[in-house]
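S.K.: One letter stands for each residue in the lines below.
There are 2 protein chains.
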Amino acid sequence: MNHWSDRVADIDSFKVMDLLKRAKELESQGHDVVNMCVGEPDFSTPEPISEAGARAIQAGHTQYTPAAGIPQLREAIAGFYQQRYGLDISPERVIVTAGASGALLMVFATLANPGQTFMMADPGYPCNPRFLRLVEARGQLVPTTADDNYQLTPELIEQNWQENTAGILLASPANPTGSVVSREQFELISQTVRGLGGHRVVDELYHGLTYGLDAPSVLEVDQDAFVLNSFSKYFGMTGWRLGWTVVPETAVGEIERLAQNLFISPPTISQHAALAAFEPDTITILEQRREAFRERRDLLVAGLRELNFEIPVTPEGAFYVYADASRLTDNAFDFCWDLLEQDKIAVTPGVDFGEYRANQFVRFSYTTGVEQIEKALDRLRKRLS
Amino acid sequence: MNHWSDRVADIDSFKVMDLLKRAKELESQGHDVVNMCVGEPDFSTPEPISEAGARAIQAGHTQYTPAAGIPQLREAIAGFYQQRYGLDISPERVIVTAGASGALLMVFATLANPGQTFMMADPGYPCNPRFLRLVEARGQLVPTTADDNYQLTPELIEQNWQENTAGILLASPANPTGSVVSREQFELISQTVRGLGGHRVVDELYHGLTYGLDAPSVLEVDQDAFVLNSFSKYFGMTGWRLGWTVVPETAVGEIERLAQNLFISPPTISQHAALAAFEPDTITILEQRREAFRERRDLLVAGLRELNFEIPVTPEGAFYVYADASRLTDNAFDFCWDLLEQDKIAVTPGVDFGEYRANQFVRFSYTTGVEQIEKALDRLRKRLS
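Protein sequences, first through last, are from chains A and B.
Everything in the first sequence is counted per the working numbering, starting at 295 for the first residue and increasing by one.
Everything in the second sequence is counted per the working numbering, starting at 295 for the first residue and increasing by one.
If we strip away everything but chain A, and leave its shape as in the complex, we get (with noise of 0.2 Å):
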């Protein structure tokens, strides 16, 4: 009797699961084991959010909201586009969503019809295909090099167009490469995609975190672009579940209707929470605690670079460096497996990013403090030396 759907069984697992399993093993036994495979930030939420959220509890916050959220909280979304980008967006076209993960799910289901396709770069996010997956579309990975910043170019894009194409989704700063697209790319894209008919869905989520310079948002070019946002990774929310979207004004009824039938309303607490998250002393947290990812990224980039990790393009944002271990194995896979039985050192597999040359790749998350990257560095440079 156990006839699942065809779909449930092309959603994989992350491979990264099996060795964070192991990582625990080994710490359950009394080992040091250095981690550095985690996607949120090890700090805690700031202080002033976190109040906001006790808050917003006393006060007897605890009903469902309108299903795009409180429409005080779209106000700041849309307040904080104006502050950062210098944009004037309708808080009508932001929606409050249940994470990136519920921006994601109600986009796709919105632009992409079965058997459809979204073009995206590999290595990328690895949900992102599964989310179309379930809605009986499908992810297109086109393979990306550092050559192309690992992110999709109007060439690669018309070169890959197919009649079942629907769109592109872009990642800036990228999971996992930590690549950002730049405003001239972006309206190059947006251009090629355009005159394609496609739609185009950006994911923003890691804004903020990018090291001596500031990631333009594709709004500022395209106001017909379906961006992805979070309070996870720069506000540092991740457990609140809470993100956001901005869709073109066309759309917001049909998203609505989507957050209204498929999540009733996004939390209700954690909305109360964000609307501290824009507060000036939020940011400065904030912006010292990027400060801090921008010193770590330099110790681990050089540390690797000269331990012979390629790292043709120095990522610019998010909390990873996507490293070509090709010099120092053939096999990134087994070569993770050993990290973490010789040296206790967690690190996610290529593999979990995509196919294209995957088994060449590690990704080093520094969502961990400057000591445990200098003793995971240690150890590397041990084994290798």
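Simulated from the structure, these hints should not be mistaken for laboratory data.
Which copy? The list can't say, so a pair holds if one copy fits it or any two copies do.
DMTMM-like mimics (lysine to aspartate or glutamate), calculated; alpha carbons at most 25 Å apart, straight line:
no.	residue 1	residue 2
1	K309	E543
2	K315	E386
3	K315	E550
4	K315	E369
5	K638	E321
6	K318	E369
7	K318	E386
8	K309	E386
9	K318	E543
10	K676	E319
For chain A, the structure is supplied; the task is to place chain B on it using the hints.
M.R.: Frame of chain A, contents of chain B only:
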């Protein structure tokens, strides 16, 4: 360029939304509107739960959790099945979800291939077929009447079974009718559907809110059924967005993988808060509220019957009365608008719950106090006398 997917065109908003908008307008003009549309308890979250939530924030429980929920909560829910139903459910089989909505999405995604259907009673919760539509499957609405207790019966299931029917969805207590499936009926239905090779999904969201009886769980007679439940209704935690599903052991891996990919994790603070939901102090509060709901139901049902609404089956659970208004109007939808505009009573039209004889019915929610219910009955008395 507004080529949205075919699916979103099929996913409707609720008719009651327009009524609620107008109700707000009337209120802002100073009118005293009795709102009997609401699908959530008017009681706020019980204090022990809220306090546990506030403590979780203070303790810094603000990061991701395992996708299936924190182990303590899965154990606590399993313990609740032992305590309430005398059932021995392994905590492994309990997956904590982002509201029952999250559970619905994952269960249907696991069970329904494109083009397949799930059979369900008309009238019913309008979002159920829309979750199926999302994954390119369909809801198969089967007209039910008071004679069937507004539930699918073995006979209805056999008569309506098609080659592409993947299973059935039952709700007990049901929204909008408040009808409860007995243990014997569960047994017969499970047997029938098992014989037809179909899945059993049972919405037990309103468990705990039954009056003069306890609703049996399908798990008492069928360990391979998929059960949906929620902290929203009985536990008064709507805005926290937390639910759960109990699935057969063989489906745990599938649902967990979906949860990892589609949700990352359920809201963390809500999970820690929910640990207090099963404590004796909380249960005492909840049972007092249950008694208050019973009083309201008795008052409302008696009052409506007196006014010539037909309620052939006394609703035994949830907080709704689904009243046949056909002795009072030949268009229940217009009747709802008249009640709002002229008598300032907001109720939900039957068309929001299905198609079968839907325009004869209106749903009254008793998620408002006795005083308000009496006020509504007075106004109805004046209109109908």
